[in-house]
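Enquirer: According to this note's numbering, the sequence shown is numbered sequentially starting from 502.
A hint or two may mislead.
Calculated lysine-lysine pairs in the DSS-like style (CA-CA distance at most 25 Å, straight line) [as the list claims (entries may be wrong)]: (1) 673 / 591; (2) 584 / 640; (3) 531 / 543; (4) 575 / 561; (5) 584 / 561; (6) 673 / 626; (7) 584 / 531.
These are calculated hints, taken from the structure and not from any lab test.
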Amino acid sequence: MKKFILSVAAMAAFTAAWAEGYQVNTLSAKQGGMGHTGVAQKLESESMFFNPAGMAFMDKTMSFSASINGLSPKATITLDDGKKYHNASKVSTPFMASVGFSIYDNLKAGIAMYIPYGSSIDWGKNWPGALLNQSVDLKSYTIQPTISWKITPRLSIGAGLMMSWGNVNLNKGVTTNATTALLGMLSNKAYAYDDTPASVNTTVFCPSP
Numbered sequence: 502m503k504k505f506i507l508s509v510a511a512m513a514a515f516t517a518a519w520a521e522g523y524q525v526n527t528l529s530a531k532q533g534g535m536g537h538t539g540v541a542q543k544l545e546s547e548s549m550f551f552n553p554a555g556m557a558f559m560d561k562t563m564s565f566s567a568s569i570n571g572l573s574p575k576a577t578i579t580l581d582d583g584k585k586y587h588n589a590s591k592v593s594t595p596f597m598a599s600v601g602f603s604i605y606d607n608l609k610a611g612i613a614m615y616i617p618y619g620s621s622i623d624w625g626k627n628w629p630g631a632l633l634n635q636s637v638d639l640k641s642y643t644i645q646p647t648i649s650w651k652i653t654p655r656l657s658i659g660a661g662l663m664m665s666w667g668n669v670n671l672n673k674g675v676t677t678n679a680t681t682a683l684l685g686m687l688s689n690k691a692y693a694y695d696d697t698p699a700s701v702n703t704t705v706f707c708p709s710p
């Protein structure tokens, strides 16, 4: 029974991971292997993201960790008439790198760089949801210097400054089916019912200290 319950819990956690959207939870190989249940554990330099106070228990002079992952979102939309639309997305490669070092036995410092959000999806120019989204490409980066102090053998505190920046590139249609038909009449072109002859692009850069 215990094995059955653990198996169901693991499957539920895996299923939930598919609904995270643009959040990237690949920031630690150790955490990923534990299903992100090790927040309260001492993960050395990787603790900077999950629990900065945990880095104070690092027993090494220096700790280094790095990882890179490949993400390729896949989605399919099925209309009432049975017609299907598939996205075509490129592979995103979020990464993480962290290094921590000892100042004193009870005082640690470090710096981490990671990608908390990032992915892309491309539905093409002409599909029924073009007015909402044709394609989007989101990237964000964070650098986090951190310090951690072990006050007592069982109590520690930690703090870090998160400096983040990123950009998003969004393309979407700006014409409805009725407008498409009118444009076809005015320009003497034969647009299909689901054609989107006019689109808009928005690119935003977002610094956040």
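Enquirer: Does each hint hold? Answer for all of them.
Expert: Results of checking the hints against the structure:
{"no.": "1", "hint": "673 / 591", "in the structure": "18 Å, holds"}
{"no.": "2", "hint": "584 / 640", "in the structure": "32 Å, violated"}
{"no.": "3", "hint": "531 / 543", "in the structure": "11 Å, holds"}
{"no.": "4", "hint": "575 / 561", "in the structure": "42 Å, violated"}
{"no.": "5", "hint": "584 / 561", "in the structure": "58 Å, violated"}
{"no.": "6", "hint": "673 / 626", "in the structure": "8 Å, holds"}
{"no.": "7", "hint": "584 / 531", "in the structure": "42 Å, violated"}
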